[in-house]
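Following the hints, complete the assembly by docking chain B onto the known chain A.
These protein sequence lines map, in sequence, to chains A and B.
Counting in numbering that gives the first Met the number 0, the first sequence runs from 0 upward without gaps.
Counting in numbering that gives the first Met the number 0, the second sequence runs from 0 upward without gaps.
The set of hints was computed from the structure by calculation and includes no laboratory data.
From the three backbone atoms N, C-alpha and C, an ideal C-beta is built for every residue, glycine too.
Careful, some of the hints might be misleading.
What the hints assert, rightly or not - Computed footprint of chain B on chain A, listed as stretches where at least three residues anywhere in the stretch have a Cβ under 8 Å from a Cβ of chain B:
#: 1; stretch: 54-62
#: 2; stretch: 122-134
#: 3; stretch: 137-149
Said to hold, decoys possible - Cut-off 20 Å, straight-line C-alpha distance, at most; resulting in silico cross-link-like pairs (EDC-like, lysine to aspartate or glutamate):
#: 4; chain 1: A; residue 1: LYS118; chain 2: A; residue 2: GLU154
#: 5; chain 1: A; residue 1: LYS109; chain 2: A; residue 2: GLU154
#: 6; chain 1: A; residue 1: LYS109; chain 2: A; residue 2: GLU161
#: 7; chain 1: A; residue 1: LYS109; chain 2: B; residue 2: ASP164
#: 8; chain 1: B; residue 1: LYS68; chain 2: B; residue 2: ASP164
#: 9; chain 1: B; residue 1: LYS68; chain 2: B; residue 2: ASP130
#: 10; chain 1: A; residue 1: LYS118; chain 2: A; residue 2: GLU67
#: 11; chain 1: B; residue 1: LYS122; chain 2: B; residue 2: ASP104
#: 12; chain 1: A; residue 1: LYS73; chain 2: B; residue 2: GLU37
#: 13; chain 1: A; residue 1: LYS73; chain 2: B; residue 2: ASP104
#: 14; chain 1: A; residue 1: LYS73; chain 2: B; residue 2: ASP96
#: 15; chain 1: A; residue 1: LYS109; chain 2: A; residue 2: GLU36
As the list claims (entries may be wrong) - Derived list of chain B stretches under chain A, where covered just means 3 residues or more per stretch with a C-beta under 8 Å from a C-beta of chain A:
#: 16; stretch: 29-36
#: 17; stretch: 126-133
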Amino acid sequence: MSKTITTSGSAVLFAALLWMLPQAALAQGRTPQGVDEFTVTVLSADNRPVLQGASEVDLGGLSNASSEAQRHDKSFSITRHLRLRVTRSNGAAGVVTLSAFLVRGCHPCKLRLDGSELKASPTLILQRVQLNGTTDHRLEIEIPASMPAGAVDAEIGWQVEEK
Amino acid sequence: MKIMKVVSLAALVAVMMFTPSSFAATSSGTLTVTGTVESSLTLVVQSAGGTTSGTGTSAATSALGNISKYGSAPTGFTLARGASNWTLSSTIGIQVDKANLTSTDYTLTAQLGSAPASGVTWKLNGSTLSDSAATTLTSTGTYGSTASYSWDIVVADSAAAAAIDNAIDFTATSN
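Chain A with its partners taken away, still in its complex shape (with noise of 0.2 Å):
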């Protein structure tokens, strides 16, 4: 009886083990082969790579009487196309999901990636992302005029999902 018991344990113990794996290569960013890292490039318009890997968009002024504002009752939006493609570090093809999160807001302003407002946790963009192609995208900054004039300084970071 007391064998049954140990066994049972064991064996409990033995998918937890399983269980786990996955989830320690999630927290190193790594599929469970370990090989698999993913980075996410902003290209331009004739698809060049702005800064691999770590890309920055300047949308200059940001006016409410500009003419590309777009007015709200107590907000205004301003768009921009970016162009991404994601890439494994061994060029193999694939298709993955692709999510984005703030890895710095920038409140009380509001980010929004394809319609999706970006928040800490990451928001699905993509449910299928050909790895090595690119994608169009909508990057939206709502302002409310309430807000003090100056700087605003947010980062995207992203997460990429292999099925």
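Then chain B, alone, in the frame of chain A:
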């Protein structure tokens, strides 16, 4: 021993059921978004006498058509005949909004875009406008609400029959 196998199988099934079918990896790339929020005012002509176009924007137009002392008043105007002149009266509604600005009120001025036709006087809020200097309409304007200003065009009987076309340039300045 038989019981033990059942438990192990159950554990394996549980592992298969709960192991994620996909694995996430936080990529090495980030996107920094920078910019500078600028203070701004917007001025909108909400209403005006005459046959208007562009109301609700900052560049409205009002057409009065053919006007005369003994004719009918244009749409949105009243006509008052004096001994030696006649006056068309209406109102202009101006709204000023602020964004990213701590100002509590604004100053609104108006100035004619060109010299008025001889014998024609343009007035806002009772003050005669000129093309050489701005006239202050208010120095305590309230943001976000439409302020109505009386608008008079006084035409002397001696004025030549001709077009009276002009522009009124409004300027709002935050206090």
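Q) Quick one, are LYS68/B and ASP164/B close enough, alpha carbons at most 20 Å? A) holds (17 Å)
Q. Within a Cα-Cα threshold of 20 Å, do LYS122/B and ASP104/B meet the stated pairing?
A. violated (23 Å)
Q.
Hint check: LYS109/A vs GLU161/A, CA-CA at most 20 Å. Holds or violated?
A. violated (28 Å)
Q: Assess, step by step, whether the Cα of LYS73/A is no farther than 20 Å from the Cα of GLU37/B, and give holds or violated.
A: holds (15 Å)
Q: Please count how many residues of the stretch 29-36 of chain B have a CB within 8 Å of a CB from chain A and say whether that reaches 3.
A: holds (count 8)
Q: Sort out whether GLU154/A lies within 20 Å of LYS109/A, counting only the CA atoms.
A: holds (12 Å)
(Q) Does GLU36/A sit within 20 Å of LYS109/A, going by the straight-line distance between their CA atoms? (A) violated (29 Å)
Q. Can the stretch 54-62 of chain A be counted as covered by chain B under the rule of three residues or more with Cβ-Cβ separation shorter than 8 Å?
A. holds (count 9)
Q: Can you take a look at whether the stretch 122-134 of chain A is actually covered by chain B? Rule is 3+ residues, C-beta closer than 8 Å.
A: Coverage by chain B is violated for the stretch 122-134 of chain A (0 residues, Cβ < 8 Å).
Q. Is the straight-line distance between the alpha-carbon of LYS73/A and that of ASP96/B 20 Å or less?
A. holds (10 Å)
Q | Distance restraint between LYS73/A and ASP104/B, which requires alpha-carbon spacing of 20 Å or less | A | holds (17 Å)
**Q.** 20 Å Cα cutoff - pair LYS118/A, GLU154/A
**A.** holds (11 Å)
Violated hints, in rising order: 2, 6, 7, 9, 10, 11, 15 and 17; the structure is consistent with all others.
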